[in-house]
Amino acid sequence: MNAVHAVDPAANAASAGPAMVELRGVHKWYDRFHVLKDINLSVAKGERIVICGPSGSGKSTLIRCINRLEEHQRGRIIVDGVELTSDVKNIEKVRCEVGIVFQQFNLFPHLTVLENCVLAPMWVRKTPRKAAEQAAMEYLERVRIPEQAKKYPGQLSGGQQQRVAIARSLCMRPKIMLFDEPTSALDPEMIKEVLDVMVELARSGMTMLCVTHEMGFAKTVANRVIFMDGGEIIEENEPEAFFTRPQHDRTKLFLSQILNQ
Amino acid sequence: MNAVHAVDPAANAASAGPAMVELRGVHKWYDRFHVLKDINLSVAKGERIVICGPSGSGKSTLIRCINRLEEHQRGRIIVDGVELTSDVKNIEKVRCEVGIVFQQFNLFPHLTVLENCVLAPMWVRKTPRKAAEQAAMEYLERVRIPEQAKKYPGQLSGGQQQRVAIARSLCMRPKIMLFDEPTSALDPEMIKEVLDVMVELARSGMTMLCVTHEMGFAKTVANRVIFMDGGEIIEENEPEAFFTRPQHDRTKLFLSQILNQ
Amino acid sequence: MTTYPQRHADLPPPSARTAGLGWLRKNLFDSPLNCALTLLSLYLLYLVVPPVVEWALIKADWRGASSEACSRVGACWPFIRVHLNQFMYGFYPVAQQWRVNLAIVLLGALIAPLFFRRFALKSWLGAVILLVYPVIAFHLLVGGRFGLSHVETSKWGGLSLTLVIAIVGMVAALPLGIVLALGRRATNMPILKALCVAFIELVRGVPLITVLFMSSVMLPFFLPEGLNFDKLLRALIGVALFASAYMAEVVRGGLQGIPKAQFEAAAALGLGFWKSTALVILPQALRLVIPGIVNTFIGLFKDTSLVLIIGLFDLLGSTQAANADTNWLGFSTEGYVFAGCIYWAFCFSMSRYSQWLEKRLQAGQRH
Amino acid sequence: MAQTKEPPEAAPARPLPWNDPRVRAIVLQVLVIAGVIALAVYLVRNLMHNLEVRGISTGFGFLSNRAGFAINQSLIPYSEETSTYGRTFVVGLLNTLLVSGLGIVCSTILGFIIGVARLSRNWLVAKLASAYIETFRNLPLLVQILFWYFAVFLNLPPPGEALHIGDSFFLTLRGLYLPRPVAQAGFGWTVLAFVAAMVASIVLVWWSRHRRDRTGKRFPAYLASTGLLLSVPLVAFVLTGRPLQWVKPELAGFNFVGGVDVIPELAALLLSLSIYTAAFIAETVRAGILSVSPGQTEAAYALGLRPRWTLRLVIIPQAMRVTIPPLTSQYLNLTKNSSLATAIGYPDLVSLFAGTTLNQTGQAVEVMSMTMAVYLVISLVISMFMNWFNARMALVER
Amino acid sequence: GATFEAVKKKGFVQCGVNVGLPGFSVADEKGVWKGLDVDVCRAIAAAVFGDASKVKFTPLTAKERFTALQSGEVDVLSRNTTWTVTREGGLGIAFTGITYIDGQGFLVKKKLGVKSALKLDGATVCVGSGTTTELNLADYFALHKMKFKAVVYDTSDETEKGFAAGRCDVLTSDQSQLYALRLKLADPDGAVVLPEVISKEPLGPAVRQGDQEWFNVVRWSLFAMLDAEELGVSSENVDQMKQSKNPDIKRLLGVEVIKHGLGLPDDWAYKIVKQVGNYGEIFERNVGSGSPLKISRGQNALWTKGGLQYAPPIR
Ligand SMILES: Nc1ncnc2c1ncn2[C@@H]1O[C@H](COP(=O)(O)OP(=O)(O)OP(=O)(O)O)[C@@H](O)[C@H]1O
Ligand SMILES: Nc1ncnc2c1ncn2[C@@H]1O[C@H](COP(=O)(O)OP(=O)(O)OP(=O)(O)O)[C@@H](O)[C@H]1O
Ligand SMILES: [Mg+2]
Ligand SMILES: [Mg+2]
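Residue numbers (the working numbering), protein chains in the order written: chain A, -16 to 244; chain B, -16 to 244; chain C, 13 to 379; chain D, 415 to 812; chain E, 204 to 518.
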């Protein structure tokens, strides 16, 4: 019953292409603590995947393994055709293709918004400053805060900061975007700002893996919802079915909790 | 239509007695910023007043002026017959009669719950420890946490902490209780615990001024609801009338916002 | 739609690569840079360790009672043994040294319970240590009453003098520092504040040895003729004033760490300034800066060595006096090494204690 | 909103004066200041009285008297035959500044290295760094100074058996002797070439930065300019016929003469100050680096930045903010600690001016107040500079 | 005067001595101070209180000594201090007499082969800080157009250590100290004192100006010891000497009461000699034949024995 590929038509269309992210029998331990257990997952180009599950179930760890912020100990992770091993060159290559947005934004507080955005393109991609700034301004417009370009992160609200973080990732023109609970540190009004940006991004066809409990978002954009618990993928389905007909008891319990909130 | 004195019988009955709190033409500035503008308010013994209004409208400042945590610059504030001036003796007298509960609890983290409660009675009222502890235990029972007496605040949940804060204030046997958004820092389940305690307190006939946006609470216990905006009292009415027939446009807008939430 | 009914059991992590050779590879040789660093470190160790071990242990002389017993190719430890009494007690009369020992043992016995978490009478014991013990220790050390013979402070010396200066400095610096810190925060009293700031900055801005020089030889200039007091006492005052300026800054840090809301909560309960400070603010602020306080103590303990410069024979002074012993010339290295080890042992244990406290406080545990 | 407003009342009534905190504050302050002034007056009157009764001359006139004693190390011309006490003050001050300045530089470099080493992934390096810190931080500085001076430097060989490199560099217990360069005619060209190389490297750095911004290409400008700075003057030097003579130190009579010498007192003091302070700076640096949240590193890595760039562009700029204030106190401590020079006879301000000069003139009050004032001024200058630096590094907040 | 009153009131004499100079003032391992300067202090205590033990010692470095005396930290400075006009004129102190007639000399290592101070051109010299020695050294080398380097230490102990380690070629100091310091060397015979004496160094106790009574007490305590030696009165025979018919001795020992007006008891000189000894005794005991220093009396012999020590009569 394992690793059945997504079945709904939209996902099928997308998964026709080669897999952008492929995890095969991935295991990970923190010291003696088994945090990821035999994870199998294949994400096609353009697919949008939402990962949910209770706290401590290993969602963040999974996401972070994909751009090797954490090292997995068993199994294979292949991103855009490059396998993640301890080879530094490969890791750098993958990291250039994969953008990640953290819960805590992690903007560089000593640089202005624009500098945050052009840092990596200039140093990693060796883009000329002019071009990098132009591109950055475009992305800032896309996340609707071009007027904040000269400010420092400390001067922005949480929602604005998170949008800068998204723009900063986009500036590297990644093929895949990872989101790790991007809205959970935000006030309710700001959540919407950020979700709007993410929905738009999804519409433009970006491959996305998103850890979130915003079920509205999941329903709107996801091709597939993945439910994790205890380091395992427990259930995997297209959103409609996932929310209306959860199969697994654990899933049901979880959904009943978050939907009642 | 301003400053219409409460019209409902209950309020009338209450306001027959002498005013416990009286504000006359009170103005306050923070530097050059005019936070309170000509506030006139008279609270009779046993009256329960709920103050609401948008953020920054001066609600907290008003409450804090009443026990002189803030100093007003113009007008008079008379609490239980004592006028608040910079006279330290008067201030101390007033503070003994007025209890306040803050949004952030502000318990003393280095003292146990019981020690928190007996500190002021012992040092201000010079109650013997035995008696003070007995009284404290009574109040802790009233807020339904006698079993936590030996714990430190850091070991309690938010709702429990807020109830301790209420008990701590009550231990000074105040004639008036002030509440400044006592539930807004709490998780939803805990809000109820605290509101229950407050409702019970209201029933026992305590004079209360309460800044809160819990409209259910306002409807249940308030004699009067006061709506503030921009440092002024915009509207003042008994709760029924206030919620169903707001007079002022600003009030209508505000109510529409919070009731939709 | 997919579900995965079977739950995986937790597995042990894959082959432990973290033992033996694996450990070496991982921690020492996992990149060319690390290899180079490892080799460099090994070379440094090779340069330092064998000669030191050879000097201090292998080629050292341990026995004998005179300098002839020492071959001078290694350390001459009899030098230390012969002068040990001097290192510990200075010129304190041998027959009376039990008094020093008793004072130290007493202090140790009083302090020990403080290290137990669940000792209920901590604050009482603290008060005893701060208020009663000094009186006892004073009479014990100085004598002249209760049938104890009088021992002049000029006879005090060695490690016991070092401890006296350090402990008195610590005990005096804390309350002084608190007063100064409160003064520095008294924004509604600008003159008072300015005085405190001036004192703190002045004292922190000048070297301790100039303060000691002032207190040891210049003080009588400022007093009426004939009025004079003990030299040790003056050194103590100098050290305490100096430490209090540092302490004031530490305490101020703690006061700043207490949210304003705590003041307000205390005030709202009717507690006045002094009561809320004493009952609510200070207990929290001091707890917050215990590591800083301990660090100041460490500094103070080390700084006591400077009283050598004003002619008090503390541990280091006794060492130098012993170095000048005509019968034992040329063993100053042993003397410095020995004195250094003692200072080090004290400071190191204090610094470990402070680190341990820091961890404990960070863990957010209360009591 | 018309309403029956009572006539606006004036400010709240005034309380009784003894209950008014403002009045209380003023009274308290007046009392304190009166107490302090009274104490000061009392002390100063005693002082004046005592000075007069004891026939001690006062005033700063002594500064222009001839000193008449020799000084071991002087950065400005000083002769025991003609120079004044005023000059001994300057000599002492300069020596203090020299040892503190050098100490600050050395301890900063050493401290940063040790601090980073303590965080090294290499187990041995990290342990060695902690051992270093624990050893030197927990020993009194005075013990260290005495140890280095008497037990190490004075155990070097005497001049006759000097350790040497060729016939130019000699290390003895009397100091380190180096050749002294003496410029000949034509050396101006070399200087000129050096200046030119300097200008060229500035241009080069500017150009490379500009080009990086324009095209994204990088150029090793710092390496290149170092090369320029070294090679161009060298070429000029050789072309003009090496117009520089080295006066080598030579053993003549008792000592080496000619050349430049570094006295062991300076070396011992500098070494112990640097080693001691570096241990503290290392801890400061470590705390600074650790204070930057791991999220910052992760964010940088996730963007594909290499560890080296992450350190340079993201971590260090942020760590500096946390590091600078404690670093300032370390610099202040180092400067004050340099007064321990007196224990080994390095002619710093305390040993020379507050020591010998004080003793020759007996004017304790003047000499000590000058000395303490100087230390205060140095402290204030360092603090001001570091505060300015800190303000530049500070984060912009909302 | 104020000082004398204060001394009597507190019941002991506070005496500033050298931190450590063999023969003049050193503390032994029990903390008992010994030496010529120290005995002078004891004599003063014996005179004032009739008890030589009523004295406390403050060890002072050369740098601190005058400030300590000026400020009143010590009542008398008995610390091999040279009597000069600037010190007496400018520092507000007064020298009460000469306990030791000294002159500055040089100590060199034998293997250097230097026989005369005039061969010291270019030498490095170890010297104690804040002393007349430091000034004389500069003058002497300037006078003879020689160059030198001075390494200036705080205490004589450090000076000796620096010299022993080879930090300098020459150690300069008062001759008396040179012998003492030479003794401290691991190999005392490896060093020689050069013949040149380049200065006059009359060493003596000093007091603050402004208290003539105290000045007199200190001065006459010293003179009493000299007179006692001249009259043949020593600590051993002093009790028999009380029976002496010699009017000088009778006056000295207070057998015949004279109005000396010193504010001291009549038997003050008796107490000094009894408890401390006469000058010759303390000299021999501390620096002379009875000590490891073995310095001959030389100029410090009484004027009657061809030396320069001369005390006014007690009458
Ligand atoms: N560095 C680490 N060392 C040891 N254990 C860790 C570490 N990071 C995470 N864990 C543990 O691994 C488990 C999974 O963590 P992870 O952050 O992936 O959970 P999550 O599903 O993202 O939870 P949340 O919704 O709270 O973010 C948790 O039990 C956590 O305690
Ligand atoms: N100490 C202060 N100094 C200057 N301005 C202040 C200060 N405290 C509050 N203010 C300003 O005064 C105004 C009223 O503040 P207040 O806290 O009374 O509002 P509030 O009605 O309680 O708002 P909220 O619902 O957010 O608690 C706000 O605009 C606030 O920014
Ligand atoms: Mg997570
Ligand atoms: Mg508020």
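Hints were generated in silico from the structure; no laboratory data involved.
Positions of the beta carbon are idealized from the N, C-alpha and C atoms, including for glycine.
It is possible that part of the hints are untrue.
To be verified - Distance windows between CB atoms, simulated:
1) A:70 - D:803: 37 to 43 Å
2) D:457 - C:205: 19 to 25 Å
3) E:509 - D:569: 43 to 49 Å
4) D:636 - C:187: 52 to 58 Å
5) D:658 - C:74: 56 to 62 Å
To be verified - With a Cα cut of at most 27 Å, we get these calculated DSS-like pairs of lysine-lysine:
6) E:259 - C:167
7) D:662 - E:350
8) B:134 - C:272
9) E:257 - E:233
10) C:272 - B:133
11) B:158 - C:371
12) E:322 - D:662
13) B:113 - B:158
14) B:20 - C:272
15) B:109 - C:287
16) E:237 - E:257
17) C:371 - D:541
18) C:167 - E:350
19) E:211 - E:259
20) A:175 - A:134
21) B:175 - B:20
22) A:158 - D:541
23) C:205 - B:72
24) B:133 - C:287
25) C:371 - B:133
26) C:167 - E:212
27) B:109 - C:272
28) B:72 - C:272
29) B:134 - C:287
As the list claims (entries may be wrong) - Listed below are several chain D residues computed to face chain C (Cβ distance under 8 Å; list not exhaustive):
30) 544
31) 548
32) 576
field: Numbers of unmet hints, in rising order
entry: Hint check: 11, 18, 21, 22, 30, 32 fail, others pass.
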